[in-house]
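*Asks:* Build out the structure end to end from the sequences listed, making use of the hints.
Here is how the chains run, residue by residue.
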Amino acid sequence: MLQKKICMLGAFAVGKTSLVRRFVESIYSDIYQTTVGVKIDKKNMHVHGKDVSLVLWDIYGEDDYQKMRWTYLRGAAGYLLVADGTRKTTLEKAASLEQRVREEVGVIPFIFVINKSDLIRDWELDPTLESQLAAQGWSILRSSAKTGEGVEEAFSLLTQKILE
Amino acid sequence: MGSAPRHSRDPLEFRPKMAETPPTRPAPDEPPLEPDAQAYLELRQLILAPEQEALERLHQRVDDPASRTKDVGSVVAEAIQLRRKQGGDEALSVALAPTIETALRESVRKDPGTLADALFPVMGPAIRRSILETLRSFLESFNQVLDQSLSVKGLKWRLEALRTGRSFTEVALLHSLVFRVEQVFLIHKKTGLPIGHEVASAVAMQDPSLVSGMLSAIQDFVRDSFHTSQGQGINRMNVGDLDVWIEEGPYAIVACVIRGIAPRELRDRMAEVLENVHREYSAHLDQFDGDTAPFAKVNGELSRCLELRYKEETKTRSFGFVYATAAILFLLVAGWFSWRAVQYGRWDHLVNTLREQPGIVITSFGREHGKFVVRGMRDPLAADPAQFIASSDVNPADGEFHWGGYYALDDGIVQQRAKSILSPPSKATLTVQSGVLQVSGAASANWVKDIQSRALLVPGIHSVELSPELNPGRLAFNQAKSQIESAVVKFPVASAALSPPERLGLGKLAENIQSLLQAADSLHQSSTLEVLGHTDSTGAEAVNLDLSQRRADRVAWELGQLGIPERVLRARGVGTTNPLRTEENEENRQFNRSATFRVSAPVP
Numbered sequence: 001m002l003q004k005k006i007c008m009l010g011a012f013a014v015g016k017t018s019l020v021r022r023f024v025e026s027i028y029s030d031i032y033q034t035t036v037g038v039k040i041d042k043k044n045m046h047v048h049g050k051d052v053s054l055v056l057w058d059i060y061g062e063d064d065y066q067k068m069r070w071t072y073l074r075g076a077a078g079y080l081l082v083a084d085g086t087r088k089t090t091l092e093k094a095a096s097l098e099q100r101v102r103e104e105v106g107v108i109p110f111i112f113v114i115n116k117s118d119l120i121r122d123w124e125l126d127p128t129l130e131s132q133l134a135a136q137g138w139s140i141l142r143s144s145a146k147t148g149e150g151v152e153e154a155f156s157l158l159t160q161k162i163l164e
Numbered sequence: 001m002g003s004a005p006r007h008s009r010d011p012l013e014f015r016p017k018m019a020e021t022p023p024t025r026p027a028p029d030e031p032p033l034e035p036d037a038q039a040y041l042e043l044r045q046l047i048l049a050p051e052q053e054a055l056e057r058l059h060q061r062v063d064d065p066a067s068r069t070k071d072v073g074s075v076v077a078e079a080i081q082l083r084r085k086q087g088g089d090e091a092l093s094v095a096l097a098p099t100i101e102t103a104l105r106e107s108v109r110k111d112p113g114t115l116a117d118a119l120f121p122v123m124g125p126a127i128r129r130s131i132l133e134t135l136r137s138f139l140e141s142f143n144q145v146l147d148q149s150l151s152v153k154g155l156k157w158r159l160e161a162l163r164t165g166r167s168f169t170e171v172a173l174l175h176s177l178v179f180r181v182e183q184v185f186l187i188h189k190k191t192g193l194p195i196g197h198e199v200a201s202a203v204a205m206q207d208p209s210l211v212s213g214m215l216s217a218i219q220d221f222v223r224d225s226f227h228t229s230q231g232q233g234i235n236r237m238n239v240g241d242l243d244v245w246i247e248e249g250p251y252a253i254v255a256c257v258i259r260g261i262a263p264r265e266l267r268d269r270m271a272e273v274l275e276n277v278h279r280e281y282s283a284h285l286d287q288f289d290g291d292t293a294p295f296a297k298v299n300g301e302l303s304r305c306l307e308l309r310y311k312e313e314t315k316t317r318s319f320g321f322v323y324a325t326a327a328i329l330f331l332l333v334a335g336w337f338s339w340r341a342v343q344y345g346r347w348d349h350l351v352n353t354l355r356e357q358p359g360i361v362i363t364s365f366g367r368e369h370g371k372f373v374v375r376g377m378r379d380p381l382a383a384d385p386a387q388f389i390a391s392s393d394v395n396p397a398d399g400e401f402h403w404g405g406y407y408a409l410d411d412g413i414v415q416q417r418a419k420s421i422l423s424p425p426s427k428a429t430l431t432v433q434s435g436v437l438q439v440s441g442a443a444s445a446n447w448v449k450d451i452q453s454r455a456l457l458v459p460g461i462h463s464v465e466l467s468p469e470l471n472p473g474r475l476a477f478n479q480a481k482s483q484i485e486s487a488v489v490k491f492p493v494a495s496a497a498l499s500p501p502e503r504l505g506l507g508k509l510a511e512n513i514q515s516l517l518q519a520a521d522s523l524h525q526s527s528t529l530e531v532l533g534h535t536d537s538t539g540a541e542a543v544n545l546d547l548s549q550r551r552a553d554r555v556a557w558e559l560g561q562l563g564i565p566e567r568v569l570r571a572r573g574v575g576t577t578n579p580l581r582t583e584e585n586e587e588n589r590q591f592n593r594s595a596t597f598r599v600s601a602p603v604p
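Those protein sequence lines, which keep their order, are chains Y and A.
For the first sequence, my numbering assigns the number 1 to the initial residue and increments by one for each residue that follows.
For the second sequence, my numbering assigns the number 1 to the initial residue and increments by one for each residue that follows.
Certain hints may be false.
[To be verified] In silico lysine to any residue, SDA-like type, Cα no more than 25 Å apart, as pairs:
#1 A:LYS190 to Y:GLY106
#2 Y:LYS43 to A:MET205
#3 A:LYS110 to Y:GLU103
#4 A:LYS190 to Y:SER53
#5 Y:LYS42 to Y:ARG21
#6 A:LYS190 to Y:GLN136
#7 Y:LYS43 to A:VAL199
#8 Y:LYS43 to A:LYS110
[To be verified] Residues of chain Y placed beyond 12 Å of chain A at every Cβ, according to the derived structure:
#9 GLY75
#10 SER131
#11 ARG142
[Claimed, not checked] What follows is a set of in silico ranges between Cβ atoms, one per label pair, in the way DEER data are often shown:
#12 Y:ALA95 to A:ARG105: 38 to 48 Å
#13 A:ARG180 to Y:LEU129: 34 to 44 Å
#14 Y:VAL107 to A:LEU82: 46 to 56 Å
#15 A:ILE127 to Y:LEU129: 50 to 60 Å
#16 Y:TRP70 to A:SER201: 34 to 44 Å
#17 Y:ALA95 to A:ARG128: 48 to 58 Å
#18 A:ILE127 to Y:TRP70: 30 to 40 Å
Honestly, the hints are just simulated from the structure, not real lab data.
Since this is a predicted model, take the numbers as computed values, not measurements.
Don't be surprised by glycine CBs; every beta carbon is placed ideally from N, CA and C.
*Replies:* This is how it looks when you write it as structure tokens:
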């Protein structure tokens, strides 16, 4: 069996938990996030003819009350970097997180997911940002936890990148 | 090395006696040489140039530290080996020890993890062995203390200890613990992914990936929160009945989910499993990328942590023969007890039978010095105990009987006693009821008269009841009656006169009549005596009738003379109508010339 540890990273309240909630197997309550700082879920994928079991570490987004625990990133095969399209600060946070990951655990595959695509009219996104980031080699996807748009693709794409 | 001081920069300086000539090449500042000398020099150069170059190179090699290092490096391993072969092992060790020590110290200073990781597979067993030794000696002394204690359970454990060759303490401890390892996880430390997972049968379980992840997350959380270093995470969590034991290695951790209280032995087993995994899979563990394929066989190793539970089960199985022995012992004991019970039952039955017999009293029954002993009292007339013993199932040799004598008051016995003492006539019947002797049947008046006083001398009889037919008055009445009615007063032919002997006979008769009248009186009855006159058949009937009347009158008169009251006498002549005998001869005819008597009384 092939298993991969995947982390969900992003600023506070960007919708990481909502993103995974409808698509994963879960036995733990969300309360672990605020107590232990992480909640672990599982998603089985079938990519390139291979069964891969993704173990998702949904890490609590840093806020005023709690710091992110970087040790949780140890051993991750890849991560979903999540930002909220309606809040510019979360996009900036994403960039700083990506840099921090590189420092802490090195270069590992990730997908940048801009969430809340259902509210695209309220987005504070600089229209050129996506192309700028893409030029840096980032894989970018728009998603909506509400409609489910882009969620499966995000996991699938990340898995593909990991298996490359 | 000792030759070093002799070296100099000029190779010719230590050239052999080849020539006592000056140096080969002139120094730039030296004056030009003579032509001869020049030729010699050329010659020398021609002949010796190759050697000189070789010498030059040698010189350089010896002087240049880099090339010297290279030379030594290529042979140092062989040199050390050779040295060891030559037996200089100890000196070499002594020489190297300080360097190695410094090197180790330096390595630890730089990164303790490297050395710890390298030593991990060997340190565990070594430490465990040493602890085990210490524990074993402790157990032995503990054993001696426990040896003193004796209980059924203790005995059972002792048997098991004997059988399995373990120490008693070990067995005792093992039995005091009831536990079950329900799940074993082998978790990759860095990724938190499960490498292996074993579950005991019929255990409800969650997804191992999630549990493994959360376990590692919690480990990280605790380590972060309390700033402990690697290898110092949680090693035990307790939730109600469940215990989670965690054993951490450099690359992986083993976690056991245990229900109940597990022995320390399990912790050792976990450490052992962890070491084995690290030894066998160290390369795979280091490069683990989530693919568990290389660890296909690791579950076999993990299941050794579950084995402890199975061991308990096999133990129960091998208990079979202990149980069998116990069962046989139990049957033997039970058999002996039931045999005893049967014996007791038989004797009990015998004693109860004896107790029921009239004239036998059991005062005690029990076992003394291995025998059944019966004590009691017996009336001489009671049934013989020997006959009951003979007809019972008991073995007479197993018992003893002690009898004392006494007079029983049981009616049956008293009755027998009365019969043997009073010797009643065959037609008389004696019965005893509650100490009252009842006499019935037929018996002589004298015997009846006697019995009333004699019976009271028989132990157990306090009064006598005679049945009506044995009433003394009646007996006397009947006796007098039969005597009176058998009397015959004879007369001469055709005469009513009494001969003197006949008259004398009437005296005796009168006495009997008096007795009769007295007896009737005592019975409060009145009685009459009919005097019947008879004649023989000769002569005319009318004459005979008259004669018979006169004969009757005559006897009645005589009786009156003898004091018999007239009111009880009735004289009646019956002629020839009631002859005493058929007149075949004279003698018979004489009997018919007579008077006879008939007593009439209402009493039956």
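*Asks:* Please verify whether Y:LYS43 and A:LYS110 have alpha carbons no more than 25 Å apart.
*Replies:* violated (41 Å)
*Asks:* Does the Cβ distance between Y:TRP70 and A:SER201 fall inside 34 to 44 Å?
*Replies:* holds (41 Å)
*Asks:* Please verify whether A:LYS190 and Y:GLN136 have alpha carbons no more than 25 Å apart.
*Replies:* violated (29 Å)
*Asks:* For Y:ALA95 and A:ARG128, compare the CB-CB distance with the range 48 to 58 Å and indicate the outcome.
*Replies:* This hint holds: roughly 51 Å between Cβ atoms.
*Asks:* Quick check for students: does the CB of Y:ARG142 sit more than 12 Å from each CB in chain A?
*Replies:* holds (28 Å)
*Asks:* At the C-beta level, are A:ILE127 and Y:TRP70 separated by a distance inside 30 to 40 Å?
*Replies:* Holds: the Cβ-Cβ distance is about 33 Å, inside 30 to 40 Å.
*Asks:* Within 38 to 48 Å or not, the Cβ separation of Y:ALA95 and A:ARG105?
*Replies:* Holds, since Y:ALA95 and A:ARG105 (Cβ atoms, about 45 Å apart) stay within the stated range.
*Asks:* Would the pair Y:LYS43 and A:VAL199 pass a check requiring their Cα atoms to be no farther apart than 25 Å?
*Replies:* Holds, because 22 Å separates the two Cα atoms, which is no more than 25 Å.
*Asks:* If you check the beta carbons of A:ILE127 and Y:LEU129, does the distance land in 50 to 60 Å?
*Replies:* Holds - the Cβ-Cβ distance for A:ILE127 and Y:LEU129, about 58 Å, lies within 50 to 60 Å.
*Asks:* Are the Cα positions of A:LYS110 and Y:GLU103 separated by 25 Å at most?
*Replies:* Between A:LYS110 and Y:GLU103 the Cα gap is close to 22 Å, so the pair holds against 25 Å.
*Asks:* Against chain A, does Y:SER131 hold up as non-interface, every C-beta pair farther apart than 12 Å?
*Replies:* holds (33 Å)
*Asks:* Mind checking the alpha carbons of Y:LYS43 and A:MET205 for me, to see if they're no more than 25 Å apart?
*Replies:* holds (18 Å)
Checked against the numbered hints above, the structure violates hints 6, 8, 9 and 13; every other hint is satisfied.
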